[in-house]
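Each protein sequence line maps, in turn, to chains A and B. Going by this note's numbering, the letters in the first sequence line up with residues 334 to 725, in that order. Going by this note's numbering, the letters in the second sequence line up with residues 6 to 374, in that order.
None of these hints come from the bench; they were simulated from the model. We put the beta carbon where it would ideally sit given N, CA and C, even for glycine. Hints are supplied without guarantee of correctness; some may be wrong.
[Stated by the list, open to error] Label pairs and their calculated CB-CB ranges:
| hint | chain 1 | residue 1 | chain 2 | residue 2 | range |
| --- | --- | --- | --- | --- | --- |
| 1 | B | D137 | A | P480 | 25 to 35 angstroms |
| 2 | A | F469 | B | D137 | 52 to 62 angstroms |
| 3 | B | A373 | A | F469 | 48 to 58 angstroms |
| 4 | B | T34 | A | I467 | 44 to 54 angstroms |
| 5 | A | G584 | B | P55 | 53 to 63 angstroms |
| 6 | A | A494 | B | D137 | 13 to 23 angstroms |
| 7 | B | D334 | A | P480 | 34 to 44 angstroms |
[Unchecked claim] BS3-like cross-link-like pairs, simulated, lysine-lysine; straight-line CA separation at most 25 angstroms:
| hint | chain 1 | residue 1 | chain 2 | residue 2 |
| --- | --- | --- | --- | --- |
| 8 | B | K64 | B | K46 |
| 9 | B | K367 | B | K181 |
| 10 | B | K222 | B | K176 |
| 11 | A | K506 | B | K46 |
| 12 | B | K77 | B | K46 |
| 13 | B | K261 | A | K506 |
| 14 | B | K46 | B | K367 |
| 15 | A | K636 | A | K617 |
| 16 | B | K222 | A | K522 |
| 17 | B | K46 | B | K310 |
| 18 | B | K64 | A | K522 |
| 19 | B | K30 | B | K367 |
[Unchecked claim] Take a look, some chain B residues computed to stay more than 10 angstroms from chain A by CB distance:
| hint | residue |
| --- | --- |
| 20 | V38 |
| 21 | A80 |
| 22 | M81 |
| 23 | G85 |
| 24 | V95 |
| 25 | D154 |
| 26 | V225 |
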Amino acid sequence: MRKFKKPEVDLVRFVLPLMALAGAGFGFLVGTANGAPLAGTAIGAVCGVILAWVLATYVPSKRTGIAATTVLFAIVGLVLAGSGGIVGGLIVGFVLGWLSYWLSTGSYRAGTQIYATPGQVLWHNTYKLICGIIFFFLIAPILTVMPLSFNAENFFTFTPAMLSFDPEGYSFKHYRDFFTNPDWQQALKNSIQIAPAATMISVSLGTLAAIGLSQPHVPFRRAIMAILISPMIVPLIISAAGMYFFYSRIGLQGTYIGVVLAHAALGIPFVIITVTATLVGFDKSLTRAAANMGANPVTTFFKVQMPLILPGVISGGLFAFITSFDEVVVVLFVGSAGQKTLPWQMFTGLREQISPTILAVATLLVGVSMLLLTTLELLRRRSERLRGLSPG
Amino acid sequence: MKFKLATLLCGAALATTGVHAQDVKMADTLTLVSWGGAYQKSQIAAYSEPYQAMHPDLKIVWDESSAEAVAKLRAMNEAGNITWDLVDVVAADAIRLCDEGLAMEFDADELLLPATDGTPASEDFGDLLVSDCFIPQIVYSTTFGYRTDMVGDTPPTNICDVFDLEKYPGKRSLEKRPINNMEWALLCDGVAKADVYDVLETEEGQARALAKLDTIKDEVVWWSAGADTPQLLADGEVVMGSTYNGRLFSVIEEQKQPVAMLWDAQVFDLDGWIIPAGLPAEHQARVEDFVKFATDTQRLADQAKYISYGPARNSSAPLVGKHADLGIDMAPHMPTDPANATNTFLYNYTWWADYRDDLDAKFQAWLAQ
C-alpha cells in the first residue's frame with residue numbers, strides 16, 4: 334500500500350454544508366419527538382455548522398474533540414429529556430463529532446485510490462452507508478427485543494420508567510416465569526429431546542448420502558440429489574400437510590418419533606450440501622492409498638475420510654440442529670400437544686397472550702444461536718486453514 | 006395390503022368394544038383443547054386441577070389450538086386419527102362442527118348433571134344449549150375499553166362514540182371480521198336494534214354498514230387475537246378498542262392500566278365444549294366423566310373466581326364469589342350484571358350461519374380497498 338497523503342479539505346464549501354445537513358437530520362428527529370420538526374431541523378443545522386467549525390478550527394486532537402462533543406450532547410440530552418435523554422445525547426454527540434473529523438481531516442477518502450474522482454469517492458462512501466443501513470435493519474429488531482424482555486410490566490411496551498432508567502421499570506420476572514412455568518419448561522424439554530435426536534439422524538444419513546453421491550459411478554446422481562434436498566425448496570406448509578396425512582395413516586402422528594423423523598428430513602439437505610462442499614476439497618487418492626495399505630472401506634472412512642471432512646459434517650449438523658430447534662410449521666402438524674416445542678409455545682403465546690416471557694425466551698435463543706454460529710465460523714476457519722485456502 | 010388388514014382388524018376390535026361402552030375402562034390420558042392465556046388458566050384451576058386430584062393417575066394434556074379447531078378437526082377426520090378428547094369452541098363453531106358431523110350429539114340430561122336443587126340440566130342451561138353438540142360453559146361479551154387518560158373529562162358512554170372522531174380523536178381497534186362491527190355500524194347509523202339483521206340482509210343494508218365503517222376506516226387498527234387490543238391500549242396506541250370483556254378485566258384490575266369499560270351495546274356470545282365425533286370407547290368414557298364433573302353447578306361458579314365470564318348455568322350465578330387473588334367481588338365485573346347489561350346486543354347465530362361466508366368475502370374486499 335502506498336502511504337496515504339491527506340488532501341486539503343475546503344472547510345466552508347465542503348465540511349460545513351454537509352455537517353449542517355447531518356445536524357438537520359438529527360434535529361428533525363429530536364424536533365419531531367418534541368412536536369416541532371421544523372424548529373428542530375433549523376436548530377440542528379445551525380448546531381452542526383457551529384460544531385464543525387469549532388472542532389476544525391480550535392480542537393486539532395480528534396480523540397479530545399469527539400469525547401468533548403459526546404459529553405456535551407449527553408448533558409444537553411439530560412437537560413432536554415431527563416436521564417433517558419443521556420443515551421440519545423451520547424449517540425448523537427459521538428456520531429456528529431466523529432463525522433466532523435471524518436470530513437474535515439479528509440479521512441473520507443481513506444478507502445479509495447488517490448486518483449479517484451469525487452464521484453467515485455461519493456459512490457464508495459454511499460456503498461458503505463447502504464451496507465451499514467442493511468446491517469442496522471437486520472440487527473435492530475433483535476436489539477429492541479432484548480431490553481423489552483426486562484420489562485416490569487406484562488406488555489410489549491417501553492414504559493416511562495424504563496426510558497428514564499428507573500430500576501423499578503426493569504425486572505427479571507419474565508425470565509423467572511420462563512424457568513418456573515411448567516408450560517415453558519415442558520416445551521424446553523421437548524425441544525432439547527427432539528433437536529439432538531433429529532440432528533443425529535440428519536447427520537448420519539446426510540453424510541452417507543453426500544459421500545455416496547460424490548462417487549462418479551453412482552447413476553442418476555443429479556436426480557437423487559434433487560430429491561434429497563427438496564425439503565429445503567418445497568414450501569414448508571406443503572411438506573407439513575403431506576407429512577400430517579402420511580404419518581396419521583401409519584400411526585406416527587403425534588408421537589415423539591414422528592416429530593424427530595420429520596425434523597430429520599428437514600435437516601438432511603443442510604448436511605448434504607455442507608458435506609458435499611467439503612468433499613470437493615477431499616483428495617480421492619488418500620482413500621486409494623489407504624486401500625492399498627490394506628484398510629477396508631469402513632476403516633478408511635473412519636480413519637482417513639471422516640477426520641478430514643469433519644468440519645463440514647459438524648457445520649451441517651449445527652444447521653440441522655437450528656432447523657429443528659427453530660421449526661414451528663411442521664411440528665404444529667406432525668406433533669400433538671405432548672410434543673410442544675419452544676417455537677410452538679412462542680407461536681401460541683404470541684397469538685393468545687402477548688407476554689414478554691416470549692421476549693425473554695427469544696433473548697435466550699438469540700444467545701444460543703450466536704454461540705452456535707460462532708462455533709460454526711471457527712470451524713470454517715479451521716477447515717480453510719487445513720486446506721491451505723487462507724493464510725491465517 | 007397389510008395395513009388395510011390391520012385397519013380392518015382394529016376397526017372390528019373397536020366396534021366390538023364399542024358395544025360395551027358403559028363398562029369400558031376409562032383412558033388414562035385426556036387431551037383438552039382451549040384458547041390459552043388467562044382463560045385456559047381459569048379452566049385449569051377450576052376444572053382440571055380438582056379433577057386431577059380425584060384421579061392422580063390420569064395424564065391431562067392441554068393443547069392451545071381452539072383458534073383453528075374447526076380446520077384441525079376436519080383434517081383429523083379426513084386422516085381418520087382423532088387425537089383430541091374435548092375441544093373448547095365458541096357457539097358458532099360448535100354449530101358448524103355439529104352440522105358437519107364432526108362433533109358428537111348428546112342428550113343434555115343424560116350427559117350433564119342436574120343442578121344442586123335437582124333442576125334437570127336442560128332447564129338449568131336453558132336457551133344456551135344452542136346446538137345438539139354444544140356444552141355451554143360461559144357467557145362472555147365483546148365490548149369496548151378506552152384509555153381513561155386519553156378521552157378528556159367526558160369519557161365515552163355510548164357505542165356511537167366509537168364512530169365519533171371529532172369528540173374522541175385517535176386510533177381505535179376493531180376485530181378483523183364483519184361480525185359485531187357491521188351490527189355496531191348499523192346501530193350508530195340510526196337503525197333500531199330490532200331491525201339490524203333485517204337491514205343487514207339486504208345489499209343496501211350491507212353497503213350502509215360498510216359506509217359507516219368507512220368514516221373511521223383510516224383510524225382503525227384491525228386485530229385478530231384477543232390479546233391485541235389489551236396490548237394496544239396499554240401502549241396508548243389506540244384510544245379505544247373492542248375485545249372480550251375478560252381481557253379488559255385483566256388489563257384494568259390485574260395489570261392496573263388506565264383503562265375503563267364501555268359496556269354499551271356489548272355483544273353476548275357463548276363458549277363451551279364439544280366432544281369430537283368418533284372417539285375410541287375408552288376416551289369417550291373418560292371425557293364423559295370429565296365433562297360431568299367440569300360442568301356441574303359448583304365448577305362453573307368456581308371458574309368465575311379467575312376470570313370475569315358469566316357461568317352458563319342459572320344455578321351457578323348465586324355462587325359467584327370473589328376473585329381468587331385480588332379478593333374483589335366478581336359479580337360487578339360480569340357482563341351479565343344488571344348495571345353492565347343495560348343495553349346489550351344479542352348476536353344472532355342462525356343469521357350469521359347463513360350469511361357469514363358472503364359477508365366475510367365482502368368485508369375482506371372492503372378492507373383491501
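Q) Quick check: which numbered hints come out false for this structure? A) When the structure is compared with the hints, numbers 1, 3, 5, 6, 14, 16, 19, 20, 21, 22, 23 turn out to be violated.
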